[in-house]
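Colleague: Residues per chain are reported as follows:
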Amino acid sequence: MSTPDLRWPWVDPYVADLAVPGMVYAALVRSSLPHAVIRAIDLAPALATPGVIAALDGEAFAVRGGVIHSSRDEPVLARGKVRYVGEPLAVVVGVSPEAAAAGANTVKIALDSLPPVLTMTSAEGATPLHENHPDNVLRDIVLEFGPVEESFSRAHTVFTGTYGYGASTHAALEPHGALAWWRPERRLWLWSSTQCPHLVHHELARLLALDPAAVRVMTPRVGGGFGGKSEVYAHEAVAAKLSMMLHRPVRIVLSREEVFYTHRGRHEALITLRMAVDSRHAILGLDADILLNGGAYAGMGLVTSYYAGQFMAVPYRVESLRFRSRRVFTNGPPAGPKRGHGSVQIRFAVERLMDHAALHLDLDPVAWRMALALEQGEATVNGLKIGSTGFVRCLQEVARHTEDIPCRAGEAVGFAGSAYICGAAFPIMPNRLPHSQALIRADRCGLFSLTVGVADIGQGALETLRVLAAETLGQPPSSVIVSAGDTDACPVDLGSYSSRVTLMAGNAVIAAAGSLRRTVLEAAARRLGTRAEDLDLLPGRVVVRDEPGRGMSLTRAIARAEERLGVVMAGGGYTPRVEAGSYPGGALGPSPAFSFSAAAARVSVDRELGTLVVHDIWLAHDCGRAVDLGRVRGQLHGCAIMALGEALTEKSGLTRGIMDPVGFTEYGIPTAADLPRIHAVIVEEPDPAGPHGAKEAGEGPLLPVVPAIANAVARAIGAHICRIPLTPDLLLGHGAAGYPTVEEAGG
Amino acid sequence: MTIHTVHIARSLPDALARLDEGFVPLAGGTDLLPRVKHGVLADAAFVAIGRLVELREIHRDGDSLRVGSAVTLGRLSRSSVCPQWLRRECMEVATPRVRELATLGGALLQEGRCRFLNRPLHWRRSSGPCFRTGGTRCHAGGERCWAQQRSLLGTVLLAAGASINLITPAGAETIALRALYPDDAGPCRRGGILSEILIPCLDDDAVAVETLRRRGSIDFHDLVVAGTRHEGTRDLSIAIGAALPYPRRVPLPWECSDDVVAQSAEAAIPAVQTGRFEASYVRHATAVLMRRVTARLLP
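Keeping their order, the protein sequence lines are chains P and B.
So the first sequence is numbered by our numbering: it starts at 57 and just counts up by one.
So the second sequence is numbered by our numbering: it starts at 5 and just counts up by one.
There could be a bad hint or two in this list.
To be verified - Distance condition first, Cα-Cα at most 20 angstroms in a straight line; then the derived EDC-like pairs of lysine to aspartate or glutamate:
id, chain 1, residue 1, chain 2, residue 2
1, B, Lys41, P, Glu154
2, B, Lys41, P, Glu722
3, B, Lys41, B, Glu115
Stated by the list, open to error - Quick look at which bits of chain B chain P covers, simulated, 3 or more residues with Cβ under 8 angstroms:
id, region
4, 126 to 137
5, 216 to 225
6, 281 to 292
Stated by the list, open to error - Sample of chain B residues facing chain P (criterion: CB under 10 angstroms; computed from the structure):
id, residue
7, Pro38
8, Thr99
9, Phe120
10, Asn122
11, Arg123
12, Thr140
13, His143
14, Arg296
Think of the hints as simulated: they come from the structure by calculation, not from any bench.
Quick caveat, the model's predicted, so the values are computed rather than measured.
Beta carbons: idealized from backbone N, C-alpha and C, even for Gly.
Can you build the whole structure from these sequences, using the hints too?
Modeller: In structure tokens, the structure reads:
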């Protein structure tokens with residue numbers, strides 16, 4: 057294969073920086089109606105536009121997309137119907153971005169409007185979006201664990217609350233984009249800003265009826281994802297298809313408005329939660345009715361539906377658990393995975409109701425949570441096993457830091473706790489193959505070349521893997537060179553989602569590096585006339601453990617191994633050893649390890665205006681072991697800020713049936729001027745399943761921050777806060793929705 | 005976003021001649037260019053006036069500050085001759101980067117904003133046209149366009165009793181700032197070039213400003229109530245802005261009950277709101293901010 061003539065303008069480019077000779081540009085034509093039958097699409101005017109060289113509509117794609125094989129319902133380009141404003145209908149290719157956009161503007165679309173479903177509470181029984189879901193419910197999931205009815209009948213007090221959680225989006229700074237190049241050797245190369253190159257690889261092959269061996273996916277630098285780049289999107293498929301048609305490279309980069317239409321953000325949720333508490337304040341039962349607004353297509357929604365209930369009990373000891381979870385279809389952009397996928401909404405509900413109960417029962421909110429905390433070796437009533445837990449330590453840390461905080465009138469401190477998975481034990485595409493693999497090669501100059509399939513989306517995953525490899529080899533991190541982001545050159549990794557990379561790819565790296573270490577030591581042992589297990593690998597040297605003066609340089613040891621083996625390399629893989637629950641959906645929820653977090657927030661509320669200020673957030677997180685202290689702390693700060701936005705100012709929704717807002721001027725990401733003091737506390741409780749004890753730190757810390765803020769507000773104003781985001785008008789009871797009530801009943 | 009024609013004015017007469025030909029004045033561009041990007045203002049030709057030296061001066065003239073309309077908010081906030089209260093309010097606008105481009109004249113002449121109008125082209129096409137974009141309805145429910153001017157400084161300077169100099173082909177004219185802002189949603193007085201703003205140099209404790217704003221940066225204000233107290237009189241000058249088509253002065257007695265304030269807020273705030281809050285909340289918040297402003301100003 058000849059070296060491609062790639063003209064990267066930057067050493068470390070984003071998709072929008074990539075340029076290939078002969079490249080052309082694609083622009084999507086999007087629906088202007090939320091629900092309609094497609095009567096006709098006339099591409100002729102676009103094809104007559106100067107500079108336009110091709111155009112396609114949905115008829116060009118025979119199969120539907122979807123990452124979960126049992127719920128593939130999303131056409132690449134709409135066919136027959138459109139189901140949300142902004143849904144891609146057609147694509148136009150031009151010799152310049154301007155020509156493509158001009159052509160896209162001329163495509164004539166004839167749509168016959170259908171009644172749209174604009175709210176999740178009106179979805180069931182409304183005009184169906186999909187023929188195979190006449191009730192507009194993706195799946196009606198009911199799961200019960202333990203003696204729920206009997207538990208509630210024994211309760212001293214039953215607390216009930218209804219909680220609303222607003223939809224929000226990821227707001228990654230880099231918009232989605234892809235560059236596809238159908239090569240002369242009849243292989244497809246695709247560069248994409250994605251979290252899951254492996255998933256894109258196989259899903260693209262399926263959508264385009266290609267042998268997976270004919271597809272190569274590469275990830276250049278990725279400017280954030282937060283879950284929003286976990287699926288396979290229309291822009292990737294159309295770029296690939298058009299490149300195959302035209303035999304030219306095709307690039308497409310979405311505008312910010314288009315990213316908002318693509319969405320896959322946090323599901324809006326309405327949760328009615330009952331909690332049974334006995335006279336000794338043990339939680340006898342949790343019973344939730346969960347309604348999720350899924351938007352127009354399933355996407356990863358089935359996972360969301362299960363996660364919403366499965367994680368209800370962790371991190372607490374709960375005797376029984378029941379949930380009904382329904383994700384309904386509405387005529388909005390599809391919701392999907394966002395940082396803390398599926399568990400953020402239910403955590404808000406549980407922690408709010410617990411705090412309300414603590415006030416009612418006159419309990420210290422932190423001490424009560426400590427008393428209820430699951431211990432190492434325990435399992436939740438639905439079978440989630442706790443291999444390690446630093447939850448009590450996290451609670452102690454936030455309590456210690458806040459015990460002397462004075463609160464004036466209108467001020468209060470609120471607390472909350474949480475747990476999160478370190479990767480899903482079972483893959484999206486069911487199989488028993490390794491979830492992560494790593495290759496490592498030793499070079500005679502003393503460098504180690506590590507190759508992994510991980511997509512670094514800005515979180516520094518590759519740096520973490522570099523440190524783990526270096527620790528295993530006993531060498532400085534600078535001696536390990538990491539390569540990633542190319543499905544041709546790298547082994548498999550399922551992707552950067554579900555907080556799986558540190559644990560799963562980390563274990564694969566340790567397995568590979570450990571194997572290489574043995575190989576090098578065995579070669580040195582032969583030369584030194586001793587046993588490999590009597591040798592130590594120190595920075596730059598191999599030494600006999602009990603004879604520090606005896607040994608050889610690392611480069612010599614590697615050279616001796618090369619003489620014997622030809623090339624000194626090793627591979628490693630990681631497959632979780634976790635059992636699925638023996639019930640429908642029992643594979644959704646188990647994880648090799650759980651991280652734990654606790655948060656406290658100090659707020660003050662202007663009771664006349666309904667505005668509030670978050671002054672401080674204390675966030676303690678059990679990450680098992682901080683492989684990279686600075687990056688873990690950075691993740692805690694990022695989680696706190698994203699949670700602050702969800703709690704106060706960020707909200708996605710429909711206005712006149714259209715996604716709103718669709719730009720960063722209106723979408724309320726907290727600015728530097730809005731940030732509280734963030735006190736990040738790292739708790740290390742190594743997990744036997746983690747690489748050198750490490751667990752996740754990128755998603756879990758978000759979970760307790762939103763309810764901690766809401767709990768603080770509730771305590772500051774003496775009201776039960778049931779809805780997020782906490783806008784001033786809602787806080788004062790203005791607006792149509794108002795606040796649901798909370799009830800207590802004696803058992 | 006494509007801008008086809010920009011004429012850089014060499015002098016005020018040159019700029020006036022272009023305005024007469026239908027060119028749109030362009031100074032800092034922070035209000036105008038996003039509208040071009042969103043297609044709200046399409047196919048316009050622009051006359052750039054930001055470099056005219058006549059519009060870029062700041063100087064003290066007795067008890068007044070004279071500020072050229074093309075002076076940026078960043079520069080004004082750093083000016084040693086600028087009263088402290090005005091420097092402070094300049095710093096409350098937008099972001100540091102925007103303040104280095106945005107001009108005082110532009111702040112006073114901002115176009116009305118609406119959550120149905122200031123949106124990208126596909127969004128507005130999907131929503132359908134409104135009064136402002138060739139349609140026959142207001143998506144917010146008004147019987148006419150209720151886009152709201154979100155100018156913090158317009159409201160503050162209205163309360164302060166500022167005047168403006170207008171240059172027209174007929175000559176120069178000084179008028180009260182309030183003449184720029186009609187009391188209803190109708191068209192305001194336009195024509196000519198706003199060359200200079202004359203601002204009374206009030207004491208710092210004679211000016212009070214209370215605002216409602218979602219975030220501490222970037223966002224336009226959702227509500228502004230500004231008040232000034234004039235020495236030697238029992239007059240309070242109160243102005244409300246950001247939740248109205250234009251800032252407006254609100255008569256308020258020196259001593260008044262909370263009920264009177266609430267009634268005054270109720271009368272001032274229209275039932276149609278094109279911002280992020282419902283009218284009932286905006287009226288409530290207006291009354292709260294009016295009470296706070298008067299409390300700060302009264303001895």
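Colleague: Please name the hints from earlier in the document that this structure breaks, with their numbers sorted from lowest to highest.
Modeller: 12
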